[in-house]
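Q: Okay, here's what each chain looks like letter by letter:
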Amino acid sequence: MAKTSKAVRFDPADIKEELLKKYPPKVARKRAKQIMINEAQESETPPEIVANVRTIPGIITMRGCTYAGCKGVIMGPTRDILNITHGPIGCGFYSWLTRRNQTDAGETGENYMTYCFSTDMQDQDIIFGGEKKLTAAIQEAYDLFHPKGICIFATCPVGLIGDDIHAVARKMKEKLGDCNVFAFSCEGYKGVSQSAGHHIANNQVFTHLVGENQTPPEGEYKINLLGEYNIGGDGFEIDRVLRKCGITNIATFSGNSTYAQFASAQHADLSAVMCHRSINYVADMLETKYGIPWIKVNFIGAEATAKSLRKIGQYFGDKALLDRIEAVIAEEMPEVLAVAADVKTRTQGKTAMLFVGGSRAHHYNELFQEMGMKTLSAGYEFGHRDDYEGREVIPHLTVDADSRNIEEIEVEPDEKLFRARKTPEEIKALEDAGYTFKHYDGLNADMDKGSIIIDDLNQYEAEKLVELLKPDIFCAGIKEKFSIQKLGVPMKQLHSYDSGGPYAGFKGAINFYKEIDRLVNSRVWSYLKAPWQENPELTATFVWE
Amino acid sequence: MLLRHTPAEVADRKALAINPAKTCQPVGAMYAALGIHGCLPHSHGSQGCCAYHRSALTRHYKEPVSAATSSFTEGASVFGGQANLLQAINNIFTVYEPEVIAVHTTCLSETIGDDLNQIFEKARREGKVPEGCTLVGAPTPSYVGSHVTGFSNMVKAMAQLAEPSGKKNGKVNIIPGWVEPADMAEIKRLAALVGVPVTVFPDTSGVLDTPLTGEYKMFPDGGVTVMELKASGDAIGTLALGEWCSADAARWLDAKCKVPCTVLDMPFGLAATDRFIDVLRTVAGVTVPEAVAVERGQLVDLISDMHQYLYGKRVALWGDPDQLIAMCEFLVSLDMQPVYVVTGTPGKKFEERIQNICADRPFEVKVRAKADMFLMHQWIKNEPVDLLIGNSYGKYIARDEDIPLLRWGFPILDRQGHQYFPTVGYRGGLRLLEKMLDLFLERKDRDDPETTFELVL
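Respectively, the protein sequence lines represent chains U and L.
Residue 1 is where the first sequence starts when you use full-length UniProt numbering, and the numbers rise one by one after that.
Residue 1 is where the second sequence starts when you use full-length UniProt numbering, and the numbers rise one by one after that.
Rather than coming from a laboratory, the hints here were simulated on the basis of the structure.
Beta carbons are placed, not taken as given, at the ideal position from N, Cα and C, and that holds for glycine.
Please note that a few of the clues may not be correct.
To be verified - Which chain U residues stay away from chain L? Per the calculated CB distances, all over 10 Å, these: (1) K22; (2) T55; (3) I59; (4) E110; (5) D125; (6) A136; (7) G159; (8) E187; (9) N203; (10) C245; (11) T248; (12) A338; (13) D402; (14) E408; (15) K479.
What the hints assert, rightly or not - Distance condition first, Cα-Cα at most 27 Å in a straight line; then the derived BS3-like pairs of lysine-lysine: (16) L:K348 with U:K148; (17) L:K258 with L:K230; (18) U:K470 with L:K217; (19) U:K148 with U:K416; (20) U:K416 with U:K319; (21) U:K344 with U:K171; (22) L:K381 with U:K148; (23) L:K14 with U:K171; (24) L:K313 with U:K175; (25) U:K464 with L:K62; (26) U:K173 with L:K256; (27) L:K188 with L:K168; (28) L:K381 with U:K514; (29) U:K22 with L:K188; (30) L:K217 with U:K22; (31) U:K30 with L:K14; (32) U:K26 with L:K122; (33) U:K33 with U:K22; (34) L:K62 with U:K21; (35) L:K62 with U:K470; (36) U:K21 with U:K173; (37) L:K171 with L:K62; (38) L:K62 with U:K529; (39) U:K307 with U:K26; (40) U:K422 with U:K289.
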């Protein structure tokens, strides 16, 4: 075993000071507001964290861009929409990542995830405009593949030269007739992180797709699963559990999703939100326009999964469903608990750091708790204040210039399709029984007192944190992986799962326990020094007799 | 079927690129910059570019790739990126303390017309560049050329640091082109074996292949130093390996600093390595030692021993021009048949070179520059091949069409070894052969009926 478990004692204020010490004064002042010591939870005014603000130029950030959030995260996992990146070749090429958003199109289904489509703009397109090339590219894509839908994504130069991609999309939709074409103004410079891209993507899916399919899908207890991306097959496991309980998942936004799923989302009776950051506004819009209430759920962690299933069951309030959910939990949990009990003998008391996503850091905290591990420090790459402090702060969020660039769409109840799923009395009865609709407490509430919450962590701070607090495991993305590991600390990717997974649901929890056990107890971390480096003085005293 | 929608019928496309055989300039510039000692690459544009390039390089090399970005938002895109870059330069030198910042542009900063040299001047005037530290810059808009062009542009910017003293220093510059850290190390080993003092730039060996020790060095020990780059103008000659990757820098040194240059193919395979060694000894005026002849003879020996398994094999390959040219020549020298060759990188001479290499051989080569892997897959669907050679993105074709894939080029996302084991030089040739033979013989063992299943091959 590489390390023995240890009680970590540190003064968070000292750590914060140490992180800020090297910065130029202006940078230090800004970063000071993004590094928060989680210690005033019981007081009336919990400490604020500054989030969703610009990245500091020159500081090596973990963040990506709006295009990455839009094309990669939200639209990438939809198998039967053909995505064309309008721009020079790079952006399209880099978002060609395919199977981490797993899908099964069956023998005859459509699947474009393994393809990369781009208009590959050249300098003459930048000078004279790229609309003609885009029009031709859509036509060529249609002629070759005849997809149900084609989506267009704008890259940085497209916004600068002013190509009207939405006009091109409208024109081509009309011309093609049987193919839905729509576009996303998701230039990389918009917003301050990939979060802006999620917002732009979701708005367009809501506007151009949701509600299209008028025929209600078959099934009982219909829900939408929002903010689940089927990384490493998470969505498959969640769907397995839901099916077993008799719950019908109409649409997953957007892991393993299809055109038809989005188009039918208005038929669900409840929206269950996983990643609050990426999609809470869609949940609100679904409620306003179609009357579908929403709840926050979490399928990362076995306990969290059980809790979320019960919450869904309680909403429908049907005894048959509630009994079935309890039966499923009773059937699935013994194996989970057995593995946890075994793993816990080796993980109890170990420490972790989590810097990933805009909800993931929170969700994975649950799994670490189940293994008896403690999260010393956590934060989001692209979270907003409400993801840290809970939805209560939403009315108090200031809208700055960068947020104002991202369209907020106003929706009203749909004349034909709005149908209140619950009467006000039913809602009230549930709430009186302790049920919470559209409620999210944020990450801070689940973090220990004195832990350090850091927004938009960067490479320098990551390295310092690891040096100072020596966690047993660090979780982030591929860019961070190897610099952390060079320090002798295992690094688990929680965007791509290091090609592992699924980690959601019951089977996912088992996978995760085993994976973390493997990582924190790997022997490799004990090989970092050669014997002659460990005890160099011995070489001088060695005498052959 | 992973690429189930790809039809065999080839339709002409004018606007839509599908499954590109190239990517954009900045990632090449970033890789080249990592080959300077103490250098932090910097991407001048919005932060997504930098994130993508760092991810791509990290996934390929499985090593930390640090690089900073100007993190443009809409304001910078409208008013220009000067303020962001000045702030970035100040922050980088204060926080990370590199010796060099190598800035490359992006689509965004090029389109709005940011002038790197003017901003560098301002940064120096304002005292944002510490004593002894260097700023290097290269224009790399992504709507021109490809990642290969970006690499070449940054290498040229490195050459432009040359400050000739007027006195020759007896060294030879070798510009190795976009090859793996192990290849750069192998080129240095061969030069040392021949007895020629060299400056290799860029040099990512010792940067992107560092040991695991419990210590993280943001700036590892490897890389060509700025002092060495300054002295490159005093070299007795330059060997540029690869017309696309390396020639620009070499010709600049020739024109501006009177360092005569020879542009050679990258030394992959027997003949290209022969020419490399031959030119190297001529430029340096030395005799090639027997040890080099032994390595060469070993490669020739393996070729003769295994010829029956290589002869007549049809190969489809894609990637970067310089690598493809050398590889095609190697394949032809083994009596193999590179029948489909595709690069996404533009360059008229490419198709001509490949045609020349394959001229007078008993097969016809379909070769295309500025093309994509979708087209190549369609060709394969019409008439199959025995082997694929290219990056990891070929694994979809490999699986769908049941053809073995030799991973070679950039990026390799799903296999190890490429960073550590060179494929240049005679020993690199041995490794390429070993890998090819493994694929062919594994396939033979898999497919042979029990009656003809052989123990000895």
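Q: Is K62 of chain L close enough to K470 of chain U, meaning Cα to Cα at most 27 Å?
A: Between K62 of chain L and K470 of chain U the Cα gap is close to 22 Å, so the pair holds against 27 Å.
Q: Below or equal to 27 Å on CA atoms is what counts here, so check K188 of chain L against K168 of chain L.
A: Given pair K188 of chain L, K168 of chain L holds - Cα atoms ~20 Å apart, limit 27 Å.
Q: Do the alpha carbons of K422 of chain U and K289 of chain U lie within 27 Å of each other, as the hint requires?
A: holds (15 Å)
Q: If you draw a straight line from the CA of K26 of chain U to the CA of K122 of chain L, is it 27 Å or shorter?
A: holds (20 Å)
Q: For T55 of chain U, is the shortest CB-to-CB distance to chain L above 10 Å, so the non-interface label stands?
A: Its Cβ does come within 10 Å of chain L, the nearest being 4 Å, so this is violated.
Q: Are the Cα atoms of K470 of chain U and K217 of chain L separated by 27 Å or less?
A: holds (17 Å)
Q: Does G159 of chain U clear chain L by more than 10 Å, comparing its Cβ with all Cβ atoms of that chain?
A: Check fails; 8 Å does not lie beyond 10 Å.
Q: Within a Cα-Cα threshold of 27 Å, do K307 of chain U and K26 of chain U meet the stated pairing?
A: violated (45 Å)
Q: Assess, step by step, whether the Cα of K381 of chain L is no farther than 27 Å from the Cα of K514 of chain U, and give holds or violated.
A: Violated: K381 of chain L and K514 of chain U sit about 43 Å apart, past 27 Å.
Q: Holds or violated: K62 of chain L with K21 of chain U, Cα cutoff 27 Å?
A: violated (31 Å)
Q: For I59 of chain U, is the shortest beta carbon distance to chain L beyond 10 Å?
A: Violated, because the least Cβ-Cβ distance between I59 of chain U and chain L comes to about 6 Å, which does not exceed 10 Å.
Q: Take a quick look at K479 of chain U and tell me if its Cβ sits farther than 10 Å from every Cβ on chain L, holds or violated.
A: Contrary to the label, K479 of chain U does not stay out of reach of chain L, its closest Cβ about 5 Å off (not over 10 Å).
Checked against the numbered hints given earlier, this structure breaks hints 1, 2, 3, 4, 5, 6, 7, 8, 13, 15, 16, 20, 21, 24, 26, 28, 29, 31, 34, 36, 37 and 39; the rest are met.
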